[in-house]
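Number of protein chains: 2
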Amino acid sequence: MSKPETSLMSRLVSLAKRRGFVYPASEIYGGLNGFWDFGPLGVLLKNNLRDRWWHDMVECPPLGPDGKPLSIVGLDSSIIQHPRTWEASGHVGGFADLMVDCRETQSRYRADHIQCIEVFYEKAGETKSLGLLSAMEGDEFEAALAKKAKRLIQKAGGGELMPVDLKAAVLFTNMAKDQQVLVIGPDAETAGTLTEPRMFNLMFSSHAGVFQDEDSKVYLRPETAQGIFLQYKNIIDTSRVKPPFGVAQVGKSFRNEVTPRNFIFRSREFEQMEMEFFCAPEDGMMWYEFWVAERMRWWESVGCRKENLYRHIIPEDELSHYSKGTSDIEYRWPFTTPNFGELEGVAYRTDYDLKQHSEFSKQTLDYIDQEGGRRYVPHVVEPASGLTRGVLLLLAEGYQYDESRASPEWLKIKPSLAPIKIGIFPLVNKDGMPEVAEKLYMDLRRTYTCQYDAKQSIGKRYARMDEAGTPFCITVDGDTLKDQTVTIRNRDTATQERVSLDKVRAYIAEKMVE
Amino acid sequence: MSKPETSLMSRLVSLAKRRGFVYPASEIYGGLNGFWDFGPLGVLLKNNLRDRWWHDMVECPPLGPDGKPLSIVGLDSSIIQHPRTWEASGHVGGFADLMVDCRETQSRYRADHIQCIEVFYEKAGETKSLGLLSAMEGDEFEAALAKKAKRLIQKAGGGELMPVDLKAAVLFTNMAKDQQVLVIGPDAETAGTLTEPRMFNLMFSSHAGVFQDEDSKVYLRPETAQGIFLQYKNIIDTSRVKPPFGVAQVGKSFRNEVTPRNFIFRSREFEQMEMEFFCAPEDGMMWYEFWVAERMRWWESVGCRKENLYRHIIPEDELSHYSKGTSDIEYRWPFTTPNFGELEGVAYRTDYDLKQHSEFSKQTLDYIDQEGGRRYVPHVVEPASGLTRGVLLLLAEGYQYDESRASPEWLKIKPSLAPIKIGIFPLVNKDGMPEVAEKLYMDLRRTYTCQYDAKQSIGKRYARMDEAGTPFCITVDGDTLKDQTVTIRNRDTATQERVSLDKVRAYIAEKMVE
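Those protein sequences? They're chains A and B, same order as listed. First residue of the first sequence? That's 0 in numbering that gives the first Met the number 0, and the numbers climb one at a time after it. First residue of the second sequence? That's 0 in numbering that gives the first Met the number 0, and the numbers climb one at a time after it.
Bound conformation, chain A alone:
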């Protein structure tokens, strides 16, 4: 099993496009940076992950420490909410990135993504400095730096670039002001053209109503969570829930990322799966630990290998002022490997959000505990994960490369989550085989997402299904007409079994629990 030359990420992006998982949005218009569309296979995969999360949260919540199922209800709140929401949540004031502009090129950069380093060259046996060069951090950093250095050397009349010790690079934001003014901007050729870093809010804004003024300004939510806090009171009043209980929501959020990157990992429009778990203040730490463990278990249950998951406990001095504990559940992404990057955050947010909304709305958001004879603002534990990122995880985790197979690239996705469950093929498109295969298709499609395919050689059809992550392929062949059996091919082993037509449903149902 040899590996191809290109990076795993570029192979994933290419497979995703080629098989209709993910396309660049508005591609016929040249694309739109940070926006992606989910194609026929991608939307099925994403829906399956969404439905699994919803099932495991809302329809069939986990058992609590007392062995009884937790109480969790669903919600679907608007993307656009009253603008006061985002003042209370702190997003209007604080949800921002530090940006710098370049006066020479009119470009704008995220200040904490600019790496700076002094670069030297040799000319006639003499070592000379090119100055403090900069480039955007990431895979391209070294290449961009070298390219620029060479241009500057040429401009200076030639010479030989000296080796650069990349470890000495410093982030622009970590430099003193008197050093920052010496930096040559990422696309500039002279020093001192970068401005001081300024804040840039990440929320998309718009206007609701017929007047376009400050009063009508609204924002696209940067997270689904706040919608839950806004309806906390209505839910308490109408749903008969009482702490501890959760409110779960799946939906789109928008962040005007300055540098969207890593495919669908950091896009400007994305989907979240968030749950707010409301509990008595004294139980907060217990539920925080409960949910970290539960959510890690869940990611394993959808097919993530344990060794690719990591609990990153945010150190106390880096916690938000209101949080008593936050853990990032990290995954070993292709672009972070061997390190990990954020997949889900589990935060014990105390009573911060409800108190903020209570203050800003002048509404009482206490819970009256009649049995306990007390009144309190519930504490909140929030497991907040990305559905879009979850799809990327399933693709990255499922990606297999094996040159010995008809399709070297194939996807190992759990049967229950696979976009297409069953491919159904007549071996040849005649001799009564299509009729039997079509009949089987008409029956199985009532329960499973199936694809009927009568084109090309059977090997090519298997290969196509392997790339799509389809766990089972059923072929109707010459023997079927004689003995009423079909072959069922297993994606992972690439082997076939003969199964009697009347046992096909039971066979599939048994495997589908995976």
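No lab work stands behind these hints, which were simulated from the structure alone. Among the clues, some could well be false.
One copy or two, either will do: identical chains are not told apart, so a pair holds if it fits within one copy or between any two.
[To be verified] Listed below are the simulated DSBU-like cross-link pairs for lysine-lysine, each with C-alpha atoms no more than 30 Å apart in a straight line:
1. LYS176 with LYS154
2. LYS251 with LYS216
3. LYS176 with LYS166
4. LYS459 with LYS510
5. LYS67 with LYS510
Using the hints, position chain B against chain A.
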């Protein structure tokens, strides 16, 4: 079965709030006009309708005229697309309402919603005119008109309002300009303060990227359909579909409606279920008729009575210039009854959209039919329905009032679409009953959305479930412990049957096909 005093719509809004189907968005901040949140029951109902549509379109598409299943794939495209999209689609230029401003009150109105009528009063035996009064059309028109007339009479020194013949009212937009200047605005007290009607675009706009200028301007999609046209080529290239085939999508759309109204019928943020069906040009009219019939059948299949559906064929002289046929599938809404209003539109759009995008993007969007040896731009039939409106239909259609029941208001929703399928109750919360009921709950919740409830009298619990539209309530009582049977109460008949515990699953499964 007597009827309560208030209108069906206000009872629906009230029940929806009280039972957690639909809440006003951002209610703790005073709400946001035109935005609604779906509560715990509402999100379940909406998801069920969404999943049914998706199943019937994508997973298990209908059979075509040849008796074979149609080929339809799914898509989930971004809400934000390249702005050229909306120039090509005509939304930048044309998607607008006529608005008038009032110079006296600084209010803005949709010109085609202002009704005008001359009103008279009697004073000392003499008939006098109050002038051309106006008010917004709809349920409140008469009341608003009377209120205003009384104020003007008082201002004029008193008198008696004379009966108004509402049939004589004329829409502002239908009046000649020299008449328009005589109108007293809906909130004004003097004539001539309304401006001439001007266009107002209904798309929400924002900016993507770090600069906020014309180049970075983007729009929130006003319909999901255009995202399908943008990916038509990628889908053809990667999914092995060929005409006739469909691409289906469910998702949010945004329209900055000037006067959002009728609850969730016309809101600013809403969900659509749209499908574009691509076919050979000569088959367009056939597929148009096919989809009108199919979609009407579908609405019946989710529980809409035939007599409440109406096919409104748009007359030829009112068709968009590119359409060869459009039908609105209308429903008898509570606010239109005895008339009908739009639920879904089925439009034969010819090759207009693909040609527009081809022209604006300079990409070839032809289909090369290798078997037929020709090249053409497919024609398109579009069944475009509202998921949000579909939920309103299920609530309106399901609403029942019967004073003889514990809960006079109850919802008759098909079991397969009901938010909660089964209520599970121990008759009393002791004597071993909770243990049996919990065990049953733990089993059934793996398959159905269930609610376990041990509080209050059994009658109150049934009543609560009736209001939620829950078709079945299972009660564990004293006999259960003796003979292993439970009662299953049917929502529609309010009668109970005793069923053996080991037959409960089969009993429910059989009813759930409805």
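Any hints this thing doesn't respect? Which numbers, in order?
-> none
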